[in-house]
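Visitor: With the hints as extra help, turn the sequences into a complete structure.
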Amino acid sequence: MDSSPAHDDSSHEQDTDRDPGVLVGLDGSAASERAFRAGLRIAQQRGLPMRLVGTFPRPVVTDAYYVPTMEEYFETVVQEVHKMLRGYAAQAEKSGVTVTTRAVQGDPSSALLAETRSAQVVVVGKRGRNRFAGRVLGSVSAKLAAHAHCPTLVVPEKWHNESSTELLAPAQDLPSEKSGAAEPLRQVEESHPRSHERRHFANVTRDLNFDSEIVVGIDVETEAQEVLTLAAQAASLLQNPLTLVSAAPLNARGHWYPNTVEHNLEIPNLRRPYTEHLQQSADRVSAEFPELTVRWQFFDGSPAGVLSEASRTAALVVLGTRGHGGFSGLLLGSVSQAVLNRAVCPVLVVPTRGH
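Under the numbering used here, think of the first position of the sequence shown as 1, with each following residue one higher.
These aren't lab readings, by the way, just hints derived from the structure by calculation. Quick caveat: nothing in here was measured; it's all calculated off a predicted structure. Hints may contain errors.
Stated by the list, open to error - Now the in silico label distances, taken between C-beta atoms and shown as ranges:
| id | residue 1 | residue 2 | range |
| --- | --- | --- | --- |
| 1 | 192 | 20 | 31 to 39 Å |
| 2 | 98 | 73 | 45 to 53 Å |
| 3 | 33 | 203 | 23 to 31 Å |
| 4 | 33 | 195 | 31 to 39 Å |
| 5 | 225 | 72 | 50 to 58 Å |
| 6 | 80 | 287 | 45 to 53 Å |
| 7 | 167 | 293 | 16 to 24 Å |
| 8 | 273 | 76 | 56 to 64 Å |
| 9 | 202 | 87 | 38 to 46 Å |
Here a beta-carbon is modelled for each residue, glycine too, at the ideal position from N, C-alpha and C.
Guide: This is the structure:
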């Protein structure tokens, strides 16, 4: 490995291979360990190289008296980052994956965003909930999800079932002051019942049980074929069923839909644009991926609520970066923050056209 000077302002590791591959952000935390494991699995399954990036800040010293001490500390930090990267690189190589590493001084979000120009997917871990959780997510995961040039896979904290004789799905990752999702969620229509075997959870309703499925959020007003294609590719690679999901609050004050009771409107007329779009999208996927089990569900409720709830049992949730209608403002406002903050399973965020 290249032993670049410890005070290099940009790189401290070998960095000549710019082949597209799996980019993983590492910082030595448990969150980055999960990201590495997920990235390694993707690289193995798809035969891609890995690119491991470790970042570290340079300390700011305002008093010359402390300069020698801080320089010594800085050297130690650089050495630890190199050591961490070598350890992960050895694991990847042992698994038969080609790997390059790079240690970058500076803001991790900026460093990883620059690297996404030459990656097929970037993988980052989401830290466990604490009083700083919102700031942590906003500083790295959400920035990458909103601005990366390639899809971003956010891997949440590993969950464990609660002690019980019944099989329980994990709760959404909600702030401690909130006990659970408050949104009423109701399935309005589905393409056809599930045909595959799935586990039954004591704390999840049948309609919201997406056990082992790849769930992709579908927007009726925005054509984001790349989102659907990547979701289908993931389902095909993992050999998991694919479920297309759309949602809208059909009978709620304050939303763009009129109150159905007051205006004597029929729910079927309101949901038809969604169900027709979902069926057309499912047909396209089935034609391109005939080996897949593909179905769709439409819910009366908030998109954030449905997708966050789906993440409790799904293998993966896939979203686009932009939308109107049912998934408007994804990664630009409250919907994105809710899904990324509350998701239990990994979330794949795909840049859509025009982003």
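Visitor: Enumerate the violated hints, using their earlier numbering and listing them in ascending order.
Guide: Failing hint: just 2.
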